[in-house]
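Peer 1: Input sequences plus hints: build the corresponding full structure.
There are 2 protein chains.
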Amino acid sequence: MTGKGSRHPLRNIKMVVEYDGTNYFGWQSQAKGKTVQTVLEEAIEKILGHRAPVLASGRTDSGVHALAQVANVRGHFPLDDAALLRALNSMIPYDISLKSVETVPTEFNAQKSAKWKTYRYVIYNAPERSALNARTSWHIIFRLDMKKMREAAYHLVGKHDFASFMGSNSSVKQTVRNIISIEVKRRKELVTVETTSAGFLKQMVRNIAGTLVEVGRGRIKPEEMKTILAAKDRKKAGPTAPAQGLFLVEVGY
Amino acid sequence: MTGKGSRHPLRNIKMVVEYDGTNYFGWQSQAKGKTVQTVLEEAIEKILGHRAPVLASGRTDSGVHALAQVANVRGHFPLDDAALLRALNSMIPYDISLKSVETVPTEFNAQKSAKWKTYRYVIYNAPERSALNARTSWHIIFRLDMKKMREAAYHLVGKHDFASFMGSNSSVKQTVRNIISIEVKRRKELVTVETTSAGFLKQMVRNIAGTLVEVGRGRIKPEEMKTILAAKDRKKAGPTAPAQGLFLVEVGY
Chain A
430 MTGKGSRHPL RNIKMVVEYD GTNYFGWQSQ AKGKTVQTVL EEAIEKILGH RAPVLASGRT
490 DSGVHALAQV ANVRGHFPLD DAALLRALNS MIPYDISLKS VETVPTEFNA QKSAKWKTYR
550 YVIYNAPERS ALNARTSWHI IFRLDMKKMR EAAYHLVGKH DFASFMGSNS SVKQTVRNII
610 SIEVKRRKEL VTVETTSAGF LKQMVRNIAG TLVEVGRGRI KPEEMKTILA AKDRKKAGPT
670 APAQGLFLVE VGY
Chain B
430 MTGKGSRHPL RNIKMVVEYD GTNYFGWQSQ AKGKTVQTVL EEAIEKILGH RAPVLASGRT
490 DSGVHALAQV ANVRGHFPLD DAALLRALNS MIPYDISLKS VETVPTEFNA QKSAKWKTYR
550 YVIYNAPERS ALNARTSWHI IFRLDMKKMR EAAYHLVGKH DFASFMGSNS SVKQTVRNII
610 SIEVKRRKEL VTVETTSAGF LKQMVRNIAG TLVEVGRGRI KPEEMKTILA AKDRKKAGPT
670 APAQGLFLVE VGY
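Chains as they are written, first to last, in my numbering: chain A, 430 to 682; chain B, 430 to 682.
Honestly, I wouldn't trust all of these hints.
Which copy is meant is left open, because identical chains are indistinguishable; a pair holds if it fits in one copy or across any two.
[To be verified] Derived lysine-lysine pairs resembling DSSO-like cross-links, with alpha carbons at most 30 Å apart:
{"hint": "1", "residue 1": "Lys577", "residue 2": "Lys528"}
{"hint": "2", "residue 1": "Lys544", "residue 2": "Lys617"}
{"hint": "3", "residue 1": "Lys528", "residue 2": "Lys614"}
{"hint": "4", "residue 1": "Lys576", "residue 2": "Lys528"}
{"hint": "5", "residue 1": "Lys617", "residue 2": "Lys528"}
{"hint": "6", "residue 1": "Lys588", "residue 2": "Lys602"}
{"hint": "7", "residue 1": "Lys461", "residue 2": "Lys602"}
{"hint": "8", "residue 1": "Lys602", "residue 2": "Lys664"}
{"hint": "9", "residue 1": "Lys544", "residue 2": "Lys661"}
{"hint": "10", "residue 1": "Lys577", "residue 2": "Lys588"}
Treat the hints as calculated values from the structure; they're not laboratory data.
Peer 2: What follows is the structure, encoded as structure tokens:
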């Protein structure tokens with residue numbers, strides 16, 4: 430729509446992005462296939478006339494959804510915030526949407542300025558699978574015991590070494606994190622595990638969800654969470670829950 | 430798995446079917462493309478060894494979803510109900526699921542035995558569209574007035590000639606129907622119109638939803654519903670709401 434003009438002042442744009450991750454290889458651009466970042470960068474390129482990096486609060490894995498991922502991009506945009514929001518939403522596919530676009534101070538950095546994040550893991554807990562929940566939940570046949578799951582979750586809240594819950598292919602060395610809260614709820618067939626922390630290790634929420642499901646179906650005792658944490662060994666915890674049940678819910682600044 | 434054997438008694442199987450209609454040309458088999466009926470008949474053919482018709486309570490249009498469509502099929506099934514349920518769910522794609530399979534008396538006919546149906550129309554009412562609700566709702570930007578929509582819906586409840594709300598390509602002559610209830614609700618961004626009747630005309634729920642949206646945004650007055658009904662003219666009512674917001678919720682027997 431315009432070139433790299435200096436007619437328009439340089440702005441730092443904060444975007445709140447919702448996406449259905451089913452058809453994407455996660456947030457971050459990569460060679461394997463289409464990502465949410467790539468889609469946004471391509472749309473913004475059409476407006477700016479050149480490529481500009483769109484940086485998020487953190488990457489989400491392939492297939493993971495977001496209710497409100499936060500990202501920022503700097504550029505000489507020829508549109509005000511409201512017009513930019515409309516333009517971008519009209520250019521991107523239906524499974525990605527911008528909830529808001531806002532010009533923020535230049536020092537705002539979606540990743541570094543983030544203070545905490547909330548993730549929700551959704552389990553569809555019923556004898557038969559659900560067509561309408563298939564893209565957005567993990568189907569567990571065995572009736573989950575909420576009381577046991579809550580008791581197990583309680584042992585994870587606070588500052589702990591979460592090495593046992595870190596994706597085994599991560600190279601991060603400092604594995605202590607502080608979980609502010611974990612809530613386990615049931616509403617009919619949907620069981621949710623919602624957790625907030627200043628930071629999570631790779632696949633930590635999915636590994637916690639996978640372990641809590643083992644507790645809920647009686648294969649791990651709630652108090653064993655203490656032993657699992659102490660072991661600092663990924664093999665001691667439960668399986669990694671599949672990506673399609675995970676939602677990035679909110680990022681706090 | 431077995432031929433047209435007489436080893437197994439003839440049973441009439443009632444199935445409750447959930448589907449995400451996004452990828453289907455509706456319920457009923459047709460040349461244009463994949464339908465829910467075809468998927469189920471092909472799976473059942475693999476079990477019976479021959480094709481058998483799967484008849485539903487009624488067809489749903491292309492793109493329409495179902496929480497609990499009801500269908501029945503007769504055959505010499507070599508599996509009991511529980512095993513048949515598991516077998517079929519393992520053979521059909523993730524966007525169709527069977528909630529239950531039950532052997533019922535031979536006279537049960539999913540269409541003719543149906544006493545009433547409940548449909549829900551879902552509107553995502555917010556300034557910006559929602560990626561995660563895109564497949565299952567109609568996005569309306571203008572803030573909808575619940576009070577006006579409820580007042581308008583009130584005029585439709587009861588026995589009326591709904592010719593003004595019938596799809597213009599329908600050849601049905603008897604256009605009197607009896608709406609038992611219409612409920613208009615809001616929960617955050619989601620506005621739902623849920624209606625129950627012994628029978629609906631073609632596209633009647635989508636035409637009612639489209640008209641109620643016109644009322645909710647102030648382009649039709651609630652009391653005009655009386656004039657619209659009296660006109661018996663499709664052109665007097667509002668537009669047909671798009672298929673992706675419609676769900677067949679329940680069929681009563």
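Peer 1: Does each hint hold? Answer for all of them.
Peer 2: Hint-by-hint comparison with the structure:
1. Lys577 - Lys528: between (37 Å within a copy, 27 Å between copies)
2. Lys544 - Lys617: between (33 Å within a copy, 26 Å between copies)
3. Lys528 - Lys614: Answer is both; intra-copy 26 Å and inter-copy 23 Å each pass.
4. Lys576 - Lys528: between (36 Å within a copy, 27 Å between copies)
5. Lys617 - Lys528: This pair counts as both: shortest intra-copy Cα distance 29 Å, inter-copy 15 Å.
6. Lys588 - Lys602: Answer is within: at 16 Å inside a copy they meet the 30 Å cutoff, but 71 Å across does not.
7. Lys461 - Lys602: within (27 Å within a copy, 56 Å between copies)
8. Lys602 - Lys664: within (17 Å within a copy, 68 Å between copies)
9. Lys544 - Lys661: Within one copy, since 26 Å is at most 30 Å while 60 Å is not.
10. Lys577 - Lys588: Answer is within; shortest intra-copy Cα gap is 21 Å, inter-copy 52 Å.
Every hint, counting from the list given before, is met by this structure.
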